[in-house]
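Protein sequences appear in the order of chains A and B.
Add 1 to the 1-based position in the first sequence for the working numbering, that's all there is to it.
Add 248 to the 1-based position in the second sequence for the working numbering, that's all there is to it.
Hints in this document: simulated from the structure, not taken from any laboratory.
Each residue gets a CB set at the ideal place from its N, CA and C atoms; glycine is no exception.
A hint or two may mislead.
Claimed, not checked - PhoX-like cross-link-like pairs, simulated, lysine-lysine; straight-line CA separation at most 20 Å:
| hint | chain 1 | residue 1 | chain 2 | residue 2 |
| --- | --- | --- | --- | --- |
| 1 | B | Lys308 | B | Lys355 |
| 2 | A | Lys110 | A | Lys53 |
| 3 | B | Lys315 | B | Lys298 |
| 4 | B | Lys355 | B | Lys254 |
| 5 | B | Lys331 | B | Lys308 |
| 6 | B | Lys339 | B | Lys302 |
| 7 | B | Lys339 | A | Lys53 |
| 8 | B | Lys355 | B | Lys337 |
| 9 | A | Lys52 | B | Lys339 |
| 10 | A | Lys52 | B | Lys251 |
| 11 | B | Lys252 | A | Lys52 |
| 12 | B | Lys254 | A | Lys53 |
| 13 | B | Lys308 | B | Lys298 |
| 14 | A | Lys112 | A | Lys52 |
| 15 | B | Lys251 | A | Lys53 |
| 16 | A | Lys110 | A | Lys52 |
What the hints assert, rightly or not - Which chain B residues face chain A? A few, computed with CB under 10 Å, are given here:
| hint | residue |
| --- | --- |
| 17 | Lys252 |
| 18 | Met267 |
| 19 | Val275 |
To be verified - Counterexamples of contact, computed for chain B against chain A with all Cβ distances above 10 Å:
| hint | residue |
| --- | --- |
| 20 | Lys254 |
| 21 | Leu266 |
| 22 | Thr283 |
| 23 | Glu296 |
| 24 | Gln330 |
| 25 | Thr343 |
| 26 | Thr480 |
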Amino acid sequence: MWLPVFFLIIGITLGLLTDITVPDQYSNYLSIAVLAALDTLIGGIRAHLDKKFDQTIFITGFFFNITLAVLLAFLGVQLGVDLYLAAIFAFGVRLFQNIAIIRRHLFNKRKR
Amino acid sequence: MSKKSKFAVSIICAFFGLMIAIQFQSVQKPKERDTRDMWEVRAQLQEEQKTQQKLYQQLKELEAVTKQYQENTERQQIETLQKSIDSLKEKAGLTRKTTSGVILTIKPIFRGSTEQEYPSVTSELLNRLINELNTYGATDIAIENQRVISITSIRNVNGETYVNNLRLPDLPIEIKIMADDPNRLIDHMEVSQSKDDFAIENMLLDTSYQEEITLPAYQGNINLDIVEVNETQETGDE
Numbered sequence: 002m003w004l005p006v007f008f009l010i011i012g013i014t015l016g017l018l019t020d021i022t023v024p025d026q027y028s029n030y031l032s033i034a035v036l037a038a039l040d041t042l043i044g045g046i047r048a049h050l051d052k053k054f055d056q057t058i059f060i061t062g063f064f065f066n067i068t069l070a071v072l073l074a075f076l077g078v079q080l081g082v083d084l085y086l087a088a089i090f091a092f093g094v095r096l097f098q099n100i101a102i103i104r105r106h107l108f109n110k111r112k113r
Numbered sequence: 249m250s251k252k253s254k255f256a257v258s259i260i261c262a263f264f265g266l267m268i269a270i271q272f273q274s275v276q277k278p279k280e281r282d283t284r285d286m287w288e289v290r291a292q293l294q295e296e297q298k299t300q301q302k303l304y305q306q307l308k309e310l311e312a313v314t315k316q317y318q319e320n321t322e323r324q325q326i327e328t329l330q331k332s333i334d335s336l337k338e339k340a341g342l343t344r345k346t347t348s349g350v351i352l353t354i355k356p357i358f359r360g361s362t363e364q365e366y367p368s369v370t371s372e373l374l375n376r377l378i379n380e381l382n383t384y385g386a387t388d389i390a391i392e393n394q395r396v397i398s399i400t401s402i403r404n405v406n407g408e409t410y411v412n413n414l415r416l417p418d419l420p421i422e423i424k425i426m427a428d429d430p431n432r433l434i435d436h437m438e439v440s441q442s443k444d445d446f447a448i449e450n451m452l453l454d455t456s457y458q459e460e461i462t463l464p465a466y467q468g469n470i471n472l473d474i475v476e477v478n479e480t481q482e483t484g485d486e
């Protein structure tokens, strides 16, 4: 349980220490990628609580979702349509759903 | 959860943290970047050094004045005060001044045609001329016995040009100029833009060196109540 948190902190410190920045025009893509990553992580936790966790699906889902979201945003920029909103919407809805399910699981655990 | 998948989740978490950190830093970074090259930085440095030197100089002078105040008797103190007032008055243009200098005369040119109007100096032309004279090192200027000080107005009122709220007479007009190096000023004026500009309006600028010219004192009141510090930067200010 503590290993992921520990690695998260390592990731954040690494990012802050290396002083890497993304050019202004690309920060949109990164923010969408962050959202996709968050969605995958929450989805993973939910799958774990549902006892349906599959490592392959989790890892491929992480990279695939990020790539798809960034590609969609890129396509939107090229076409002049705010397509990244579609990604934000989809991820947002799923995020809330997953969190709701996780919450229910936790409550059920406590009741028992 | 198996150990292996726990490790995978951890790696993904680290990845996620890295992305968040990078995004956070990108957003936090100030948008304006310092894009000056070496030369500009050097120029700026020189400018600052000059300012510093000037400030040191001023500090030295002021320190000398305070020293005089502290060391001397009351009578001498008043004398020192009087001296500072006199020097400040001279700087502000409130005293008569006599030294060598340049007399610049604006004369009309007639090109022979009968329909030509009698030329007159517009306020814009005069403003430009004064600016140019200041650029070339003029220290004190008087237009037709009107001393030009830092708050002198040159305006166009009903088609007439007014200096210090007094109407400028018809041509020829005499402008007395003092400079640290009058001959250099004359040389500059010989090739100046103003000469061309005045020529277009059928006027001639004639400069001559004089061993002794007298500039009158500024006669109006200096009202500093309405003066404010202008903090906006214009183009070219650096």
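The hints, checked one at a time:
| no. | hint | verdict |
| --- | --- | --- |
| 1 | Lys308/B with Lys355/B | 46 Å, violated |
| 2 | Lys110/A with Lys53/A | 17 Å, holds |
| 3 | Lys315/B with Lys298/B | 26 Å, violated |
| 4 | Lys355/B with Lys254/B | 95 Å, violated |
| 5 | Lys331/B with Lys308/B | 17 Å, holds |
| 6 | Lys339/B with Lys302/B | 17 Å, holds |
| 7 | Lys339/B with Lys53/A | 89 Å, violated |
| 8 | Lys355/B with Lys337/B | 33 Å, violated |
| 9 | Lys52/A with Lys339/B | 89 Å, violated |
| 10 | Lys52/A with Lys251/B | 15 Å, holds |
| 11 | Lys252/B with Lys52/A | 16 Å, holds |
| 12 | Lys254/B with Lys53/A | 14 Å, holds |
| 13 | Lys308/B with Lys298/B | 15 Å, holds |
| 14 | Lys112/A with Lys52/A | 19 Å, holds |
| 15 | Lys251/B with Lys53/A | 16 Å, holds |
| 16 | Lys110/A with Lys52/A | 14 Å, holds |
| 17 | Lys252 | 7 Å, holds |
| 18 | Met267 | 5 Å, holds |
| 19 | Val275 | 7 Å, holds |
| 20 | Lys254 | 6 Å, violated |
| 21 | Leu266 | 4 Å, violated |
| 22 | Thr283 | 14 Å, holds |
| 23 | Glu296 | 29 Å, holds |
| 24 | Gln330 | 62 Å, holds |
| 25 | Thr343 | 59 Å, holds |
| 26 | Thr480 | 28 Å, holds |
In summary, the numbered hints that this structure violates are 1, 3, 4, 7, 8, 9, 20, 21.
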